[in-house]
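Protein chains: 2
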Amino acid sequence: MKVDILKSVLVTNDAIAEANRKSFDRHKALVVNLMSSPGAGKTSLIESTVDRLSRKYKIAVIEGDIAGNIDAQRIAKRGVPAIQINTGGACHLDAAMVRTSLPHLPKGRIDLVIIENVGNLVCPAEFNVGEDFKMMLLSLPEGDDKVRKYPLMFNQSKVLIVNKMDLQALTDFSFASLARDLKAINPKIKAFRVSCKTGQGINHWIEYLEHEIARKKKNLR
Amino acid sequence: MKVDILKSVLVTNDAIAEANRKSFDRHKALVVNLMSSPGAGKTSLIESTVDRLSRKYKIAVIEGDIAGNIDAQRIAKRGVPAIQINTGGACHLDAAMVRTSLPHLPKGRIDLVIIENVGNLVCPAEFNVGEDFKMMLLSLPEGDDKVRKYPLMFNQSKVLIVNKMDLQALTDFSFASLARDLKAINPKIKAFRVSCKTGQGINHWIEYLEHEIARKKKNLR
Numbered sequence: 004m005k006v007d008i009l010k011s012v013l014v015t016n017d018a019i020a021e022a023n024r025k026s027f028d029r030h031k032a033l034v035v036n037l038m039s040s041p042g043a044g045k046t047s048l049i050e051s052t053v054d055r056l057s058r059k060y061k062i063a064v065i066e067g068d069i070a071g072n073i074d075a076q077r078i079a080k081r082g083v084p085a086i087q088i089n090t091g092g093a094c095h096l097d098a099a100m101v102r103t104s105l106p107h108l109p110k111g112r113i114d115l116v117i118i119e120n121v122g123n124l125v126c127p128a129e130f131n132v133g134e135d136f137k138m139m140l141l142s143l144p145e146g147d148d149k150v151r152k153y154p155l156m157f158n159q160s161k162v163l164i165v166n167k168m169d170l171q172a173l174t175d176f177s178f179a180s181l182a183r184d185l186k187a188i189n190p191k192i193k194a195f196r197v198s199c200k201t202g203q204g205i206n207h208w209i210e211y212l213e214h215e216i217a218r219k220k221k222n223l224r
Numbered sequence: 004m005k006v007d008i009l010k011s012v013l014v015t016n017d018a019i020a021e022a023n024r025k026s027f028d029r030h031k032a033l034v035v036n037l038m039s040s041p042g043a044g045k046t047s048l049i050e051s052t053v054d055r056l057s058r059k060y061k062i063a064v065i066e067g068d069i070a071g072n073i074d075a076q077r078i079a080k081r082g083v084p085a086i087q088i089n090t091g092g093a094c095h096l097d098a099a100m101v102r103t104s105l106p107h108l109p110k111g112r113i114d115l116v117i118i119e120n121v122g123n124l125v126c127p128a129e130f131n132v133g134e135d136f137k138m139m140l141l142s143l144p145e146g147d148d149k150v151r152k153y154p155l156m157f158n159q160s161k162v163l164i165v166n167k168m169d170l171q172a173l174t175d176f177s178f179a180s181l182a183r184d185l186k187a188i189n190p191k192i193k194a195f196r197v198s199c200k201t202g203q204g205i206n207h208w209i210e211y212l213e214h215e216i217a218r219k220k221k222n223l224r
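Respectively, the protein sequence lines represent chains A and B.
For our numbering, add 3 to where a residue sits in the first sequence, where the first one is 1.
For our numbering, add 3 to where a residue sits in the second sequence, where the first one is 1.
Careful: at least some of the hints might be erroneous.
Copies of the same chain look alike in the list, so a pair counts if it fits in one copy or across any two.
Straight line, CA to CA, 20 Å or less: simulated EDC-like cross-link-like pairs of lysine to aspartate or glutamate [said to hold, decoys possible]:
no.	residue 1	residue 2
1	K200	D148
2	K25	D148
3	K61	D184
4	K80	D148
5	K161	E215
6	K200	D169
7	K61	D114
These are calculated hints, taken from the structure and not from any lab test.
Taking the hints into account, I'd like the entire structure generated from these sequences.
This is the structure:
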C-alpha cells in the first residue's frame, strides 16, 4: 500500500520533471542537482564554482531548504540570482517544487543552473527534478562507510565530490575503502577530491563542469 | 491530500509507539532515540557510552540503517546485544519497524535501550518510536547554521550533543550563534560538547544519562 503510493508519487513527479527539463532546455542550460548530508559543503562548493565561472557564464542557483534563506543569501552576495524554495518540512526537493521556481529564473540564455537539494543522503536521490545529472558531495569527517549505508544516492550520482580534504590529517578516512565500495555500487562515477576552504582540487572540478556545459550546448543544437 | 496521508500515517505510528513504550516499560528500560546527520558520530557515541556503562547496566542497542549492518557489528564487538533494522530505503525509523525488533531484545530487565536512527536531520524527528526522549548529535564540521535549517529536529530533542570537538581549531563554528538559535527554537535543550575520539566531555554526558536511568526506574515504581 505504502509502496503503491510512493510509485504513483514518483510517476507524477517524473512527468513534471520532464516539463522542467524542457523549460531548462529553452534556456540552453546545463542543470545539476547537488545533494549531500547537511553541512557537507554544498553551498561552499557553489560559492567556489560561481567565483570561478560567473564572469564567463550566466549562472542561476535554486536553493532547497526546509526553512530559512541562509544559503540563497550567501549565493546572492556573489552577484548570481538565487531562488529559495522552502520545502516546509519535506526532506527533499521534488519536480513540482522546482517548477514553482522556474518563473523566477532570468529570461533568455542561462549556461548553468545549480539546484542545491535539501541536506539529506536518502530521499533526494529518489526524485528527478529535471536535471541533466545528479551529483553529490561527501565530506571527509562523515567517514568512509557512507556508500554501503546510503547506496541509492551514490548509485544515482554521475559525479562525487569529496570535500574537506583540509581535514584529512585529522580523520582516518580510507580512500581505498571508498573506492572498493564505489566499484560495487557505481563504478563509472566521476570523483574529485577538493577543499572548498583552501581551494585544493577545485580546478579539476571546474574543468569538468565547463566540459559538461559545452557538451550540453552541442547536444541542444 | 499529501498532508492528510501524512497525518493518518502519524496517528497510526503514535498508536504503535505507545505499544512499544509499554513493552519497554516492562523491561524497566530507559529508551533514547538518537538522531543526527550521516557521519556525525552516532555509533561512536554509543560505543563510548557502552564502554563506560556496560559493566554497571544492562544495555541493548537497536540500529536503524537503510542497508547493511556495519553499525550493529561495531556495537556487538563491545559485547552488547545489537539488533539491526534495515529500513529498505525509508529515511527514518518508524514505530512499526522498531516493533519488529522487540522480540529480539534480551528477556527481563534492561536498564538502557539506545535506538540509533537513520542518519538524517529531517524525517526521524517526525516519528515517535516509543522512546522516553529524543536526542541528537551535531558534529562541528557540519557548521553552526543547522538549527535554522532543520528546526524540527532541534525542537523535538531533549538533549543535544555537539561532537568532534577535537576539530574545533580547524572549523569556524560559532557556539554563540548556535546558542542564539537554540534559544529561539528550544531554550530548554540540554547541551554537551564532546569528542568521541579523544573522550573530551563524555563524562558529563554519562553522568546525565545515569541520572536519567535512575529517574526512569523511580517513575516506574
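Hint check results:
1. K200 <-> D148: The answer is between: 17 Å across copies meets 20 Å, while 23 Å in one copy does not.
2. K25 <-> D148: Answer is neither; intra-copy 37 Å and inter-copy 35 Å both fail.
3. K61 <-> D184: Neither: 36 Å inside a chain and 35 Å across chains, both beyond 20 Å.
4. K80 <-> D148: Between copies only: 17 Å across, 35 Å inside.
5. K161 <-> E215: Cα proximity of K161 and E215: one copy only (12 Å, versus 47 Å across).
6. K200 <-> D169: both (8 Å within a copy, 18 Å between copies)
7. K61 <-> D114: within (5 Å within a copy, 60 Å between copies)
Of the numbered hints listed earlier, those contradicted by the structure are 2 and 3.
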